[in-house]
Amino acid sequence: GFNALSWFEYAVKNPEHDNRVGIIRDAKLFTFALSLRQMDAKNSIYLLELNDLTDIIGYKNSLEDEIKVSTKESEKAQFLLSQYDKAMTTSTLVYRCSLDGYITYANDAMTKVMLYPRGSLVGKHASILYPPDMTQEQKDVIWGKLLKGKPYQGSIYGVDRLGETHYFDATIVPILDTNGIVVEYLSLRHETTELVQAKEMALKTLAAKDKFFNQASHELRTPLN
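All residue numbers for the sequence shown refer to the numbering used here, where the first residue is 47 and numbers rise by one.
Treat the hints as calculated values from the structure; they're not laboratory data. Just so it is clear, CB atoms sit at the ideal spot from N, CA and C, and this is done for glycine as well. Check before you lean on any hint, since a few could be wrong.
[As the list claims (entries may be wrong)] Simulated crosslink set (EDC-like; lysine to aspartate or glutamate; CA at most 16 Å straight-line):
no.: 1; residue 1: LYS74; residue 2: GLU110
no.: 2; residue 1: LYS194; residue 2: GLU237
no.: 3; residue 1: LYS196; residue 2: GLU240
no.: 4; residue 1: LYS245; residue 2: ASP86
no.: 5; residue 1: LYS170; residue 2: ASP223
no.: 6; residue 1: LYS170; residue 2: ASP206
no.: 7; residue 1: LYS196; residue 2: GLU230
no.: 8; residue 1: LYS196; residue 2: GLU210
no.: 9; residue 1: LYS194; residue 2: ASP223
no.: 10; residue 1: LYS158; residue 2: ASP98
no.: 11; residue 1: LYS158; residue 2: ASP101
no.: 12; residue 1: LYS158; residue 2: ASP86
no.: 13; residue 1: LYS158; residue 2: ASP206
no.: 14; residue 1: LYS158; residue 2: GLU237
no.: 15; residue 1: LYS191; residue 2: GLU230
no.: 16; residue 1: LYS170; residue 2: ASP146
no.: 17; residue 1: LYS74; residue 2: ASP98
no.: 18; residue 1: LYS185; residue 2: ASP146
[What the hints assert, rightly or not] With beta-carbon atoms standing in for the labels, derived distance ranges:
no.: 19; residue 1: SER52; residue 2: MET85; range: 37 to 43 Å
no.: 20; residue 1: TYR176; residue 2: ALA50; range: 19 to 25 Å
no.: 21; residue 1: ASP206; residue 2: LEU93; range: 21 to 27 Å
no.: 22; residue 1: ILE91; residue 2: LEU161; range: 28 to 34 Å
no.: 23; residue 1: PHE76; residue 2: THR181; range: 36 to 42 Å
no.: 24; residue 1: ILE227; residue 2: SER52; range: 43 to 49 Å
no.: 25; residue 1: LEU96; residue 2: LYS196; range: 24 to 30 Å
no.: 26; residue 1: LEU75; residue 2: GLU246; range: 34 to 40 Å
no.: 27; residue 1: GLU55; residue 2: SER166; range: 40 to 46 Å
no.: 28; residue 1: ASP206; residue 2: LYS257; range: 29 to 35 Å
Use the sequences and the hints to build the structure in full.
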C-alpha cells in the first residue's frame, strides 16, 4: 500500500503524482505511466490509462549514462535530463524535432499509429502530421507559446499516412540548454480518437432518439384520417 492506501485509492486521491508501473515481458522491462480519471461521478466510472514510457525512459537512461562517463558534459546532460523528466506525461506517442521543424526522433508507437514504416518519419518536416485544414490561427496558438519557451498543452488532431484523422491530448515542450536557449522541441501525445468518436456517436444517437420521440409525440397528438 501507499500511505496505508491501496494503489487504486492512492491514484484517485493523488492525480497530480507521477504514478508509474513496470511490467516485465520476455526479460525486458516496460515502463508505463498510470493515470486514473473520473468519467462519471454519479455511477463511479473511472478511466484507467497505462501509457508506454519505455522509449523515453530509455532516452533518459542514455542521458544518465552520459552523465556517468563524461564529466565535461555532465552539467549539460543533467540539465537536459531534468527537463525530460518534467516532460514525461501520460502520452505514449513521442517525437522530437529541430528548431526548423524537422523530425529527429519518433518512437515506434508514433510511427505505428500514423502508419509510417519504422524510422521513416526521421528527416521529414513535422508539418507532414498536420491536418490539411489547419489554419494559421491554430498554428499561431501553438507556436506562440513555444517561441516564448513555454510548453503547449491541449487537444489537437492530425492525419496519418493514408489521410485518416487522429485526435490527441498533446504536450509539446521546448527543450532548453543551460543558457536558456531552445535547442529542440519534444512532443508527447496520447491518442483520444476512440473517445472522440464514441462521443460523436453518442451525440448522434441522442439526436436520433429525440427526433424519433418528437415525431411519435406529434403523431399521437394528431387525429388519424
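For each hint, the structure was consulted:
A distance of roughly 19 Å separates the Cα atoms of LYS74 and GLU110; the hinted pair therefore is violated under the 16 Å criterion. Restraint check for LYS194 and GLU237: the C-alpha separation of about 26 Å exceeds 16 Å, so the hint is violated. In summary, the hint linking LYS196 to GLU240 is not supported, as the alpha carbons are separated by about 29 Å, beyond the 16 Å threshold. Among the hinted pairs, LYS245 with ASP86 is consistent with the structure: their alpha-carbon atoms are about 14 Å apart, no more than 16 Å.
A hinted pair counts as satisfied when its Cα atoms are at most 16 Å apart, and LYS170 with ASP223 does not qualify at roughly 24 Å. Proposed proximity of LYS170 and ASP206 is supported: the alpha carbons are some 14 Å apart, at most 16 Å. This hinted pair checks out: LYS196 and GLU230 have alpha carbons roughly 13 Å apart, not beyond 16 Å. A distance of roughly 30 Å separates the Cα atoms of LYS196 and GLU210; the hinted pair therefore is violated under the 16 Å criterion.
Between LYS194 and ASP223, the direct Cα distance comes to roughly 14 Å. Compliance with the 16 Å bound is thereby established for this hinted pair. Simply put, LYS158 and ASP98 have alpha-carbon atoms about 13 Å apart, close enough for the 16 Å limit, and the pair holds. Annotation: proposed proximity of LYS158 to ASP101 holds, straight-line Cα distance about 14 Å (limit 16 Å). Proposed proximity of LYS158 and ASP86 is contradicted: the alpha carbons are some 31 Å apart, above 16 Å.
Taking the CA atoms of LYS158 and ASP206, the gap is near 10 Å; set against the 16 Å cutoff, the hint holds. For the proposed pair LYS158 and GLU237, the alpha carbon gap of about 12 Å is at most 16 Å, so the pair holds. Straight-line distance between C-alpha atoms of LYS191 and GLU230 comes to about 14 Å, which keeps the hinted pair within the 16 Å bound. Of the supplied pair hints, the one linking LYS170 and ASP146 holds, its CA atoms being roughly 11 Å apart against a limit of 16 Å.
Straight-line distance between C-alpha atoms of LYS74 and ASP98 comes to about 13 Å, which keeps the hinted pair within the 16 Å bound. For the hint pairing LYS185 with ASP146, the CA-to-CA distance comes to about 14 Å; that is within 16 Å, so the pair holds. A beta carbon spacing of about 20 Å between SER52 and MET85 contradicts the range 37 to 43 Å that was offered as a hint. About 48 Å separates the C-beta atoms of TYR176 and ALA50, a value inconsistent with the hinted range of 19 to 25 Å.
Judged by the Cβ atoms, the range 21 to 27 Å given for ASP206 and LEU93 holds: they are separated by roughly 24 Å. Range check, ILE91 to LEU161: Cβ separation about 32 Å, and the 28 to 34 Å hint holds. Separation of PHE76 from THR181 is about 38 Å and conforms to the stated range, judged on CB atoms against 36 to 42 Å. Between ILE227 and SER52 the beta carbon distance is about 45 Å. The supplied range of 43 to 49 Å therefore holds.
For the pair LEU96 and LYS196, the beta carbons lie near 29 Å from each other, so the given range of 24 to 30 Å is met. Distance hint for LEU75 and GLU246: a CB-CB separation of about 38 Å, consistent with the stated range 34 to 40 Å. Checked against the hint of 40 to 46 Å, the C-beta distance between GLU55 and SER166 comes to roughly 44 Å, which is consistent with it. For ASP206 paired with LYS257, a C-beta distance near 34 Å keeps the hint of 29 to 35 Å intact.
Violated hints for the displayed structure, listed by number in ascending order: 1, 2, 3, 5, 8, 12, 19, 20.
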